[in-house]
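Asker: The whole structure should be built from the sequences, with the hints applied where relevant.
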Amino acid sequence: MSPTKPANKASPDKKSAAGPAKPAGPQPIVSTGYWLFKSEPDVFSWDMLKARGAAGEPWTGVRNYLARNNMKAMAVGDLGFFYHSNIGKEIVGICRVSAPAHPDPEDGTGTWQCVDVSAVAGFKKPVTLSDVKANPKLQNMSLVTSMRLSVQPVTADEWAEVCRMGGLDPKKLKR
DNA sequence: GCCAACGTTGGC
DNA sequence: GCCAACGTTGGC
Numbered sequence: 126m127s128p129t130k131p132a133n134k135a136s137p138d139k140k141s142a143a144g145p146a147k148p149a150g151p152q153p154i155v156s157t158g159y160w161l162f163k164s165e166p167d168v169f170s171w172d173m174l175k176a177r178g179a180a181g182e183p184w185t186g187v188r189n190y191l192a193r194n195n196m197k198a199m200a201v202g203d204l205g206f207f208y209h210s211n212i213g214k215e216i217v218g219i220c221r222v223s224a225p226a227h228p229d230p231e232d233g234t235g236t237w238q239c240v241d242v243s244a245v246a247g248f249k250k251p252v253t254l255s256d257v258k259a260n261p262k263l264q265n266m267s268l269v270t271s272m273r274l275s276v277q278p279v280t281a282d283e284w285a286e287v288c289r290m291g292g293l294d295p296k297k298l299k300r
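To convert, count from 1 in the first sequence and add 125; that's my numbering.
Keep in mind the hints are simulated off the structure, nothing from the lab. You can take every hint at face value.
Per label pair, the in silico range of CB-to-CB distance:
(1) A180 - N260: 29 to 37 Å
(2) V201 - D282: 19 to 27 Å
(3) A285 - G233: 38 to 46 Å
(4) N260 - P230: 33 to 41 Å
(5) T234 - D294: 41 to 49 Å
(6) R289 - T234: 40 to 48 Å
In silico DSBU-like cross-links for lysine-lysine, where the CA-CA straight-line distance does not exceed 35 Å:
(7) K197 - K250
(8) K258 - K296
(9) K296 - K197
(10) K297 - K197
(11) K262 - K250
(12) K214 - K297
(13) K214 - K175
(14) K297 - K250
(15) K214 - K262
(16) K214 - K249
(17) K214 - K197
(18) K175 - K297
(19) K297 - K262
(20) K258 - K214
(21) K250 - K175
(22) K262 - K249
(23) K296 - K249
(24) K258 - K297
(25) K175 - K249
(26) K197 - K249
(27) K250 - K296
(28) K250 - K214
(29) K214 - K296
(30) K262 - K296
(31) K175 - K262
(32) K175 - K258
(33) K249 - K297
(34) K175 - K197
(35) K258 - K197
(36) K296 - K175
(37) K262 - K197
Where a beta carbon is used, it is the ideal one built from N, C-alpha and C, also for glycine.
Answerer: Now the structure itself:
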């Protein structure tokens, strides 16, 4: 199974209006962790996540223990980069963990879990893999060192640097 | 399309 | 529990 988000054959089956309505007005995000989610855009793209709106999307299909453990470590409100693998090879936006790890509905074995994520903000300018590799501050990013891991941790310094490169001020992110 | 990296499987 | 074979990812 693919560590990237696999074909989501039945996305509409998920509850259409997951969760109560969001509180009105922007709120500062209090985030405890930073992550990076990889997805092949022809399977599940940033635009598709944006189209899900506040309901978000269960990040199903992860079949790798490290990636699963990363998801189990996530808290609601954690933020993540959204990376397009294969096509684009660039970080295109920021998403937010909207539900903690829960059993992957597509997994019958009870082994695999997923979190739910929703789109927060797109980058003004996507940050490409080569941009990342060319930046000395990002040499230890998992995207460079553990390229194949589909759900990766990101440090606070890496977070700030990539946001800067993408034209977003992380302090001004609102949910 | 190639192939390096690397996770998983299964024989022993 | 080792490790070779195998499958998959994903950049190039």
